[in-house]
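There are 2 protein chains.
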Amino acid sequence: MRWLTEESIEHIALGAAVLGTGGGGDPYLGKLMALEAIKTYGPIKLLSIEELADDALIVPLSMMGSPTIGVEKIPSIEELVAPLEKIEETLGQKAAALMPIEVGGVNSLVPVLAAAAKGLPLVDADAMGRAFPESQMVTFYLDGHSADPTVLADEKGNTVVITPKDGHWGEKLARAITVQMGGSSTVCDYALPGSVVKKSAIPGTLTKSEEIGRLLLHKSGDGTHPIKRLLAVLNGYELLTGKLTDIQRTLTGGFTRGICEVEGIHDDAGRMVTLHFQNEQLLATEGEKPLAMTPDLIAILDVETGQPITTEGLRYGMRVTVIAFPCDPKWRTKKGIETAGPRYFGYPVEYEPVEKLQEGGGK
Amino acid sequence: MRWLTEESIEHIALGAAVLGTGGGGDPYLGKLMALEAIKTYGPIKLLSIEELADDALIVPLSMMGSPTIGVEKIPSIEELVAPLEKIEETLGQKAAALMPIEVGGVNSLVPVLAAAAKGLPLVDADAMGRAFPESQMVTFYLDGHSADPTVLADEKGNTVVITPKDGHWGEKLARAITVQMGGSSTVCDYALPGSVVKKSAIPGTLTKSEEIGRLLLHKSGDGTHPIKRLLAVLNGYELLTGKLTDIQRTLTGGFTRGICEVEGIHDDAGRMVTLHFQNEQLLATEGEKPLAMTPDLIAILDVETGQPITTEGLRYGMRVTVIAFPCDPKWRTKKGIETAGPRYFGYPVEYEPVEKLQEGGGK
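Which chain is which? The protein sequence lines are A and B, in order. Final position of the first sequence in the working numbering is 363; the numbers increase by one with none missing. Final position of the second sequence in the working numbering is 363; the numbers increase by one with none missing.
Please keep in mind that the hints were generated in silico from the structure rather than gathered at the bench. It is possible that part of the hints are untrue.
What follows is a list of derived Cβ distance ranges for each label pair [as the list claims (entries may be wrong)]:
id: 1; chain 1: B; residue 1: Asp-143; chain 2: A; residue 2: Gly-253; range: 35 to 43 angstroms
id: 2; chain 1: A; residue 1: Glu-78; chain 2: B; residue 2: Asp-143; range: 25 to 33 angstroms
id: 3; chain 1: B; residue 1: Leu-91; chain 2: A; residue 2: Glu-78; range: 22 to 30 angstroms
id: 4; chain 1: A; residue 1: Pro-348; chain 2: B; residue 2: Val-196; range: 55 to 63 angstroms
id: 5; chain 1: A; residue 1: Thr-333; chain 2: B; residue 2: Val-196; range: 52 to 60 angstroms
id: 6; chain 1: B; residue 1: Leu-251; chain 2: A; residue 2: Arg-271; range: 46 to 54 angstroms
id: 7; chain 1: B; residue 1: Val-196; chain 2: A; residue 2: Gly-119; range: 35 to 43 angstroms
id: 8; chain 1: B; residue 1: Pro-193; chain 2: A; residue 2: Thr-252; range: 42 to 50 angstroms
id: 9; chain 1: B; residue 1: Gly-92; chain 2: A; residue 2: Thr-252; range: 36 to 44 angstroms
id: 10; chain 1: B; residue 1: Leu-32; chain 2: A; residue 2: Pro-348; range: 43 to 51 angstroms
id: 11; chain 1: A; residue 1: Thr-252; chain 2: B; residue 2: Gly-182; range: 16 to 24 angstroms
id: 12; chain 1: A; residue 1: Gly-182; chain 2: B; residue 2: Glu-51; range: 54 to 62 angstroms
id: 13; chain 1: A; residue 1: Glu-89; chain 2: B; residue 2: Asp-143; range: 24 to 32 angstroms
As a list, the in silico BS3-like pairs of lysine-lysine whose alpha-carbon atoms are at most 30 angstroms apart [to be verified]:
id: 14; chain 1: B; residue 1: Lys-94; chain 2: A; residue 2: Lys-86
id: 15; chain 1: A; residue 1: Lys-156; chain 2: B; residue 2: Lys-165
id: 16; chain 1: B; residue 1: Lys-45; chain 2: B; residue 2: Lys-94
id: 17; chain 1: A; residue 1: Lys-165; chain 2: B; residue 2: Lys-165
id: 18; chain 1: B; residue 1: Lys-45; chain 2: B; residue 2: Lys-198
Ideal placement from N, C-alpha and C gives every residue a C-beta, glycine not left out.
Here chain A stands alone, though its shape is the one from the complex:
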């Protein structure tokens, strides 16, 4: 157990935007809200998964919807705790701790706010090890756990409890409800006992986000460029440094979908890389050749500071470095690739690990 400080939150907000560039358009929004919540309600305990009692109810809490809308629709504390209170009522058990369902953007910090407001501890883990756009893309689903109940709430006072046939139906129904709710909602799903979280969640991901954020905010003693240090920590690869020359973004079915193009500069002059996103960056291609793809991670960083640029923050002319790095091994299983690999998202390519694509024969 340790206490989350204001500095931790600054770092988590920044680091989470490297792990999930789309999930919650503005990680700074989440940061400001989380800092405000700590000021108002007091500090928050961060628990490692080893500390969880086997029968303790651990409740993930997140926002659903397009980040394009999330940017403008700031949730109130009432809206954030509404699905939590409803899922407790439905299950007849109080939450022992909250956890982020994903690290990435605002959803790393949404549970911080609710934990502060309810005086609950937070678990240093998530169920993606990154951010993904659909709710069944969680390690709990990979391990066969049910999405029943999935609870949604909005700022108008509506709540909905879904008992889905499976995780895909949970996503489909929750997404349609979120669209009706105005394009964003607050959600609790995969509320599970500590025993399951210990086996199934990806541990230490808030701490990992915090380390990434700290690295990017503080210069190294030897003056190494922050992107170099980041790649070392993430076992990652630089795909390209260049200039954003095209961004196409549409809001359909509750997602922000689109592509952006980066034209190489300096050593990469003459190259052109296309990034395909659905809330998250999912595929990087150069001509016909894939450079990296989901479930591995792709992030767009400011060329100077190494700070991540969210999908919503992309602007014509920005100078960026595109990096890619390996996902958690849970996503590289057959079910992991079926659930969140490129074919699931409609890209006609077979999954290849980023190490293999970048180093040829694999390392």
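Use these hints to put chain B onto chain A, whose structure you have.
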């Protein structure tokens, strides 16, 4: 209390299609299912509202969605009882009786099936006195009762419990969920104590449907035309007898919307009446002049037999008599007209009672 016989069900199926020409495209489907259910499970008790205990939980059960889809998607008994079992679980109380939320088409008989399967009595009442396309168009809503919880289920095994802010949000969320569920769902909403049902429901409407059905199926001793006898029972008006010359039908947002045109024949030669529908027939016009409008009832009958033709059954060239008759007085209040009057459905006319439109100064 009386027992519903197979003959009662035959009559109700036919009579309900006069009161709601859209609600469930095929009343014969409901009839066959209800007859089958009685054969399988045994007879059903029909209770008058006076017989209800004040604290008994009375649960309306219906199908939601476009009748165009309802025709092809036959619900199983499991799907029909799923929302009932879920609402009982949510409220922590067993249903003492079921009731139709509307009389009209298949929704008059859907609760018959579920009542047979669960061995529950049925209440001789509904909450519309006709059929309406949206779920807040019920006398319970007019009287300020909540739509919490609204429970939906589908044939795949999904259930959803909505706690809506108000009846309009209940409708909006339920409709979006129904579309995702494949265009039709089974629903329990406005589950209320007997004390409320006694005050707020429209009593005797299954018996009324049965009487209408009996009238249409059996010749009178003096050979009076069935439509004449029907108009006497309903205090109704013949708007026109003619030939269906145009039918436009589109399926949008979970509703079947459209118009049909009837060209007068015999005494009505030279006249042309347009009928505007959204699941139900809502407005009849002749040129610019309204002849009858929601919440009053409009029905299309076979010119020879007087048997009702549902919105889905309308075909080019059919010879029909269009009739209109007054709604229950609850719908003629300010809130009733706001909730289900012509302006609510987007028709730019002020409500006028059918008696006034047909007789001039009103009777």
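| Are the Cα atoms of Lys-165 of chain A and Lys-165 of chain B separated by 30 angstroms or less? | Given that 30 angstroms is the threshold and the Cα spacing comes to 26 angstroms, the pair holds.
| message | Hint check: Lys-94 of chain B vs Lys-86 of chain A, CA-CA at most 30 angstroms. Holds or violated? | response | holds, 22 angstroms
| task | Could you say whether the range 43 to 51 angstroms given as a hint is met by the Cβ separation of Leu-32 of chain B and Pro-348 of chain A? | result | Taking Cβ atoms as reference, Leu-32 of chain B and Pro-348 of chain A lie about 47 angstroms apart, which means the hint holds.
| query | Keeping to a limit of 30 angstroms between CA atoms, is the pair of Lys-45 of chain B and Lys-198 of chain B held or broken? | reply | Roughly 18 angstroms between the alpha carbons, so the hint for Lys-45 of chain B and Lys-198 of chain B holds.
| Given the hinted pair Lys-45 of chain B and Lys-94 of chain B, is their alpha-carbon gap at most 30 angstroms? | holds, 17 angstroms
| said: For the hint 55 to 63 angstroms, verify it against the beta carbon of Pro-348 of chain A and that of Val-196 of chain B. | reply: Check passed, 58 angstroms falls within 55 to 63 angstroms.
| query | Within a Cα-Cα threshold of 30 angstroms, do Lys-156 of chain A and Lys-165 of chain B meet the stated pairing? | reply | Holds. Lys-156 of chain A to Lys-165 of chain B sits at ~7 angstroms (cutoff 30 angstroms).
| query | Using the C-beta atoms of Thr-252 of chain A and Gly-182 of chain B, is the stated range 16 to 24 angstroms upheld? | reply | holds, 20 angstroms
| query | Is the gap between the beta carbons of Gly-92 of chain B and Thr-252 of chain A within 36 to 44 angstroms? | reply | With a Cβ separation near 41 angstroms, Gly-92 of chain B and Thr-252 of chain A satisfy 36 to 44 angstroms, so the hint holds.
| field | Distance restraint hint 46 to 54 angstroms, applied to the beta-carbon atoms of Leu-251 of chain B and Arg-271 of chain A | value | Hint holds: Cβ distance 49 angstroms, inside 46 to 54 angstroms.
| query | Does 35 to 43 angstroms hold as the CB distance between Asp-143 of chain B and Gly-253 of chain A, or does it fail? | reply | Given range 35 to 43 angstroms: holds, Cβ gap about 38 angstroms.
| query | For the pair Glu-89 of chain A and Asp-143 of chain B, does the Cβ-Cβ distance stay inside 24 to 32 angstroms? | reply | holds, 27 angstroms
Hint 12 from the earlier list is the only one contradicted by this structure; the remaining hints agree with it.
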